[in-house]
Amino acid sequence: MRRSTSALVTKVWLYAVLVVFALPVLSMVVLSLNESRYGTLPFRFSLHWYQVLRTDTALLDALSTSITLATEVTIVCVVVGTLLTFGLRKAPIAITLPVNGLLLALLSVPLLLLSAGLLSVFDWLGLGQSTTALLLSSIITSLPFVVLIERGRLENLSPDYAEAARSLGAGPVRTFLLVTVPLMAPSIIAGGMLAFVICFNNFAIQLFLAPVGISTLPVQIYSMVRLGVTPDVNALGTLVVAGTVLIIVVLNWLTGNAARLFTTTRER
Amino acid sequence: MATVTISGVSKSFNGTAALHPLDLTVEDGSFCCMLGSSGSGKSTLLRIIAGLSDPDTGTVRIGERDVTRAPSEKRRIGFVFQNYALFPHLSVGTNVAFGLRARGIGKKEAHTRADRMLELVGLAGFGKRTPKQLSGGQQQRVALARALVTEPDVLLLDEPLSALDRKIRGEMQAELKRIHQETGLTTIMVTHDQEEAMNLGDSVLMLSHGRVQQFDTPETLYREPANGFVAGFLGAVPLGNGIIRKKDGGTDAGRATDTATGRTEIEIDGTRLRLAASTLTDGTPAEAVVMAERVALTPASERPRNEDEHEGTVTSLDFYGPFARAEARLGSLTVPAMMLSQHAHSIEPEQRVWIRIAPGGLHAYAAQEATRS
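In order, the protein sequences belong to chains Z and V. Under full-length UniProt numbering, the first residue of the first sequence carries the number 1, and numbering increases by one thereafter. Under full-length UniProt numbering, the first residue of the second sequence carries the number 1, and numbering increases by one thereafter.
Bear in mind the hints are in silico, worked out from the structure with no lab data behind them. Please note: incorrect hints may appear among the correct ones.
List time: in silico SDA-like cross-link candidates among lysine to any residue, alpha-carbon distance up to 20 angstroms [as the list claims (entries may be wrong)]:
| id | chain 1 | residue 1 | chain 2 | residue 2 |
| --- | --- | --- | --- | --- |
| 1 | V | Lys-247 | V | Gly-235 |
| 2 | V | Lys-74 | Z | Asn-100 |
| 3 | Z | Lys-90 | V | Ser-162 |
| 4 | V | Lys-132 | Z | Ala-185 |
| 5 | V | Lys-74 | Z | Ala-185 |
| 6 | V | Lys-132 | Z | Lys-90 |
| 7 | Z | Lys-90 | Z | Thr-180 |
| 8 | V | Lys-107 | Z | Lys-90 |
| 9 | V | Lys-128 | V | Lys-74 |
Values in this document were obtained by computation on a predicted structure and should not be read as measured data.
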């Protein structure tokens, strides 16, 4: 009996946590579909704010800037991060120790401080607030996540597969492309997704380093909120959430289990 | 022609020697088993032959070719891993065709040959499946097919059967034997299972702590274990420490019949036991080991004691299905005896028995050698 009671308590707790997590997103979706500008009841269904959004060029431009930036950063991070992961595996400790320390520092230093520091560095380099500076800074902050996830997978990957390929007559390049990379693919995809999200959300970096006149989505929303938020931001937020869910569903469909991408279970 | 010749090969990891310099020749077409416990260096040696690990010293030759510095993919070997290492992202057919494709053979022909090889290992029609859909035994067959399809000069097997359950293991042993006989391929297999090594090997290389303990045919290994370690690995049980007593017929109460052969005995706590042929000299301290399956117990009530028997008392009797194992007290010694269960019905604890240790069932090694494990 005691067991079923504690199971019930655990279950209630789980649902309570899930509701708290989901509430902000749900309220955003609801408000985007409510006719009222100030979120007042009664709820009256309307797609009005989605129509407003269609004409809000500042917000749409910011969205397109953010997606472009995140895509570019993701591509660079996946290529550089993958090569870095493989390089670090075979490198002597004199190289791995400082590189690991640097990656760890990038993960743990508060982003606001990092952004301020990066701004000073780019000022010295004569880049200041520019597209290049924004791109490089975004890459720097996203890269550690790619390496972190891919390395977890690589460490758990049995060296037998590559050795089997070699014993069967495949050279190092063929082995890498036909065996190692496909086996690493889940973590490469997961690393890329994480890099995209981290870069997309990186408010501090974007605020400090974006050139004048160019706003990314987080920065644009921030400046709008200061003047009073309009529900078309909720509409945009809803679309972004829908897009994210769609990506997860597609990944789930492609790999069988998207959550598994982020875990590092040992290969059978 | 693919005789594998290893000369002076050694290897150490972080200053610890895994292999002391050793020489080994595996004749063309023969089946060599490398036997030893974990850490004996047997897998290290196999990986050096495969080119998956570089030796610190020495050379490896496959046939006429010196492959010491050649990478694995240039050695024309087939390697089967303990956990099969089938590529999980490729179908069974593509797995088997992998080696052919790597050698530049067209997709169509590679898959035709892969299918034929799958047929040979009894997995016709499995080509479209993924490795995960197969049982352990089937995966092992695929791994074998993948290694054989490229027609290598040497087949290397790293504990290929240890992950399988007992019944499948027996089937796969028969399968390996059949494939070896059909292909005539020089085969080197690493194992820690002495029965497997004895069953499959034309020759057995016994390794311990990176040194060769003995390299012989299975039968010689069993009849004349070179040292206490080999005897112990083959199941011999330590009996006790004693002193070698050489005895020739002349001193033995004038019995002329023994003069020609002479005989060696070991004296342990006042009990004298006859040994298998031994090179140890009179008076040497030695440790005796006995093979339980070569000890016979006869109830004293059945018949008078023969001259080559000793009197003792049964202390325990345990059944293991088809086999039974008894222990008998002989003076201060405990002598184990292994017999078929059907022969154990007349034996019971506390019974007085005649103990006969067959010649060749008792070996003695100089004391310090016997303790080297």
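Against the structure, the hints:
no.	hint	verdict
1	V:Lys-247 - V:Gly-235	violated, 28 angstroms
2	V:Lys-74 - Z:Asn-100	violated, 36 angstroms
3	Z:Lys-90 - V:Ser-162	violated, 30 angstroms
4	V:Lys-132 - Z:Ala-185	holds, 18 angstroms
5	V:Lys-74 - Z:Ala-185	violated, 28 angstroms
6	V:Lys-132 - Z:Lys-90	violated, 30 angstroms
7	Z:Lys-90 - Z:Thr-180	holds, 15 angstroms
8	V:Lys-107 - Z:Lys-90	violated, 33 angstroms
9	V:Lys-128 - V:Lys-74	violated, 29 angstroms
Checked against the numbered hints given earlier, this structure breaks hints 1, 2, 3, 5, 6, 8 and 9; the rest are met.
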